[in-house]
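Peer 1: Chains as they are written, first to last, in the numbering used here: chain A, 2 to 341; chain B, 2 to 341; chain C, 2 to 341.
Check before you lean on any hint, since a few could be wrong.
As the list claims (entries may be wrong) - Some chain B residues close to chain A (C-beta under 7 Å, calculated; not the full set):
#1 Val-28
#2 Leu-80
#3 Lys-84
#4 Ala-96
#5 Asn-211
#6 Lys-229
#7 Pro-291
#8 Gly-293
#9 Leu-330
What the hints assert, rightly or not - Lysine to aspartate or glutamate pairs mimicking DMTMM-like chemistry, simulated, CA-CA at most 20 Å apart:
#10 B/Lys-262 x A/Glu-87
#11 A/Lys-53 x C/Glu-220
#12 C/Lys-262 x C/Asp-204
#13 A/Lys-11 x A/Asp-125
#14 C/Lys-312 x A/Glu-87
Stated by the list, open to error - DEER-style ranges, computed between Cβ atoms:
#15 A/Glu-32 x C/Gly-281: 26 to 32 Å
#16 C/Arg-297 x A/Lys-314: 20 to 26 Å
#17 A/Thr-292 x B/Arg-331: 47 to 53 Å
#18 B/Pro-24 x A/Ser-108: 42 to 48 Å
#19 C/Pro-101 x B/Arg-297: 42 to 48 Å
#20 B/Ala-55 x A/Lys-314: 47 to 53 Å
#21 A/Lys-314 x C/Gly-281: 26 to 32 Å
#22 C/Met-265 x A/Ala-55: 35 to 41 Å
#23 B/Asn-338 x A/Ser-44: 47 to 53 Å
#24 A/Ser-108 x C/Pro-101: 28 to 34 Å
#25 A/Pro-95 x C/Leu-88: 42 to 48 Å
FYI, nobody ran anything at the bench for these hints, they're computed from the structure. We put the CB at the ideal spot given by N, CA and C, even for glycine.
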Amino acid sequence: MTHTADEIAKHLGGRVVGDSCAPISGVASPESAHSEDLIYMDSPRFEDRVTKSAARCVLSVPGTRLAAKTIIEVADPKLAFAKAAELLVPRPTPAPGVHPTAIVPPSATLGENVIVGPYVVIEDAVEVGRGTAIEAFGFVGRGSRIGKDCWLHPRVTLYAGAKLGDRVEVHSGVVIGSDGFGFVYGEGRYWKFPQVGTIEVGDDVEIGCNTTIDRGSLETTRIGPGVKIDNLVQIAHNVQIDEHTVVAAQTGVSGSSQVGKQVMVGGQVGIADHCIIEDGAILGAQAGIPTGKTIRRGQTVWGTPARPLDKFKQQYALFARLPEIVERLRNVEQRLNQPT
Amino acid sequence: MTHTADEIAKHLGGRVVGDSCAPISGVASPESAHSEDLIYMDSPRFEDRVTKSAARCVLSVPGTRLAAKTIIEVADPKLAFAKAAELLVPRPTPAPGVHPTAIVPPSATLGENVIVGPYVVIEDAVEVGRGTAIEAFGFVGRGSRIGKDCWLHPRVTLYAGAKLGDRVEVHSGVVIGSDGFGFVYGEGRYWKFPQVGTIEVGDDVEIGCNTTIDRGSLETTRIGPGVKIDNLVQIAHNVQIDEHTVVAAQTGVSGSSQVGKQVMVGGQVGIADHCIIEDGAILGAQAGIPTGKTIRRGQTVWGTPARPLDKFKQQYALFARLPEIVERLRNVEQRLNQPT
Amino acid sequence: MTHTADEIAKHLGGRVVGDSCAPISGVASPESAHSEDLIYMDSPRFEDRVTKSAARCVLSVPGTRLAAKTIIEVADPKLAFAKAAELLVPRPTPAPGVHPTAIVPPSATLGENVIVGPYVVIEDAVEVGRGTAIEAFGFVGRGSRIGKDCWLHPRVTLYAGAKLGDRVEVHSGVVIGSDGFGFVYGEGRYWKFPQVGTIEVGDDVEIGCNTTIDRGSLETTRIGPGVKIDNLVQIAHNVQIDEHTVVAAQTGVSGSSQVGKQVMVGGQVGIADHCIIEDGAILGAQAGIPTGKTIRRGQTVWGTPARPLDKFKQQYALFARLPEIVERLRNVEQRLNQPT
């Protein structure tokens, strides 16, 4: 659907400088934009790219003036761009309904306008909230509960009893509620520790492709509201991740660890078991947090075992100077050995 | 099904102190337990949690006495809990049979009481042992052989010719028997080295979600009996993992490496190609074992490249003291430079 | 199909010494070979293994003579073996056609001899080139284009609009074209940055199991011709990987990074965002490339943060000697403190 610059500005709480009737029907980068695509500029160093763009309308900070462009003035152009995109690029909505090949037992409860795609398998006593889409090959284990307006892309697996909040987006290949990895050794073999807990995913969570989230062993694995998880992440049993935390790709969080609010976890980070990552901490890519460790509120750490970033940098700089340090030590030794 | 405390004690080789008729119908943590749930206490420091629990029956070491609790005395409460859970929390067993949407060719041989779920695809000349369940969307490539009482959760893929032993549990998204990653460069491009070997998974193996295990290139990839593999693990071509070894999440084992018996491999460990990890070794999380390296029997290693844990700790402690060490060196240099 | 030694030699540009009519019908390792299997010897130290093999025909360098063996002389035996395997071990080709359970809308265009397996779901306006096989449970999102002679193993997911070249082989569980991981924080929550770009995979690419490749956010994610990607790899939005580069298992490439031609990326490598890896570079296993870093043409690096291999080795050797270095420093200090 096409909007005018004025409508977009109103939606964003911004102000149009230029043609308030300019039509806007999509979002793009400056280079790939057509005239009706909205673009944004969050730094004057992109002025050249933006000026050359075919786009007519540009989100930028107040005071920006560009030849032949309509400016929509906003305080945070990138944020405004993301918000505008929600309006301009709605998610594809196939007609509601249950595909004839989907298997839905009478014991399942589907809300209004639910979309159940081809070859979806829903087990007994499942509840699906209104407006939720379960795309092709979705598997929803018995007793699972999915909230409203969720979007399960093709090939999502929910083990029995999984609970998802509202507006949760789950990408292809994700597994939620699988058995945790717990065994007790005895009598020459491993016995499986019971993995009979639950998994609860809060509202507005997004989970990337092929990520795996285990149910609790005896308790609950909890993903808080607004948490964003990238592809190929592993979340173990009994883990708790609080709201608005971001976890980048290929990170692993081991059993019973707790990650606070608005934490930023880089890619390929390993958090061992029973760690506490306090609110607002930042874990650099590939950092390793050893068993039972606490990372303090707001702290930025890097390395394995992880230490505060400034210490890591200092130590690492000296590490790189080790050849020089050893040479200096050798000089000192030689001078001491010289006959005076 | 409900058992009495006495029946559970007999099953575990333990002894009831208290109400031997107390009914037990599940397992739980102290906090989440109902009165009929069995709980365990493996340390006196949990006495408070256990005493406050609604559970009537507690597994604990001989001599334990707790107000209003029936104690089942056992040598190893956590182990006994795991064994009791096998009895008390049986795996869900849908009625045996082949779902009408499953595709099973006449050339496939299914044992008694096999469960084949909806939208399962079985190719030619497959054998499935009695009591095995293949849940929804399972894909079993031609000529594969699956033993008795296996449990393939939804969405497991077996490439052609894969062999699984008895009582193997495979979680959602696992791929077994895929092509190894081997190429030969020549004439300006890569040519695929043939990946025509086999894959054999032993009895009582458990494989976590979205894990991938490649077939041998010309030989066989072998996972020994009782091996437990977590989620998102990568096992390359020609790898051998011996019995009762445990591999935590996101670990990768490269081509032709051999991992012995009862090895413990932490999360995100990287074992390069042609390594030998001897029996009982312990590889700490995120450790990196370089190509061709041997880790000796029973050794604990950490770091990349991995070294013995005590050396790693010593070196790492000094690494953290590098700023102080350089300061001391500077002092020494200054003193030598002072006119005497 | 069975060929003669002479036919194989002609195909490889080699020369037969021995029985030019010897039948060859497969490839194998020396130990597993039957008499009609072709084997290769790329070093004299394998002479014993090869001589004991049941195989009649051996690829080896000119001048090789082995008792009772027919030698096919070639310059590069391993390369010749890989090329011979392409001829001798053709990929299984089920009869072309669309399985009756596959869902193919009228708006899809399928080329000649296309194979569409059971329970495949193809969305609107998809194009599939001639000779391409889409095995069971394939999902091809609307508007996707797949070239000729591709092989999508069971359970491949293409999000809407994905583009694959010719002869692309995609293994089980792969997701191509999923949303990138980009969010803008504001007003107390994350807003999704639009992920509306495209994904293009070149000719002759192979992609391993459960690997995930995100579409561009506003631009294009590009995988060049001949690139080989292993299992469980993550490729983020806007990444570019140029031709004939090899990426080993569990590696992650973050947003907007560029990887040149014929780069070798080891397993579990982490490339942060906006990096440039120039042509021919080699990144050792578990290496970490920090944000924005450039790795120069042909350079070999290791470690986190990655540095040139020779520097890493030197620094690492000194790191292991830190206890000795500190002891020497202590000695120097003591001597300076002694009364002269």
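Peer 1: Which of the listed hints are not met by the structure?
Peer 2: 4, 7, 8, 10, 13, 14, 17, 18 and 19
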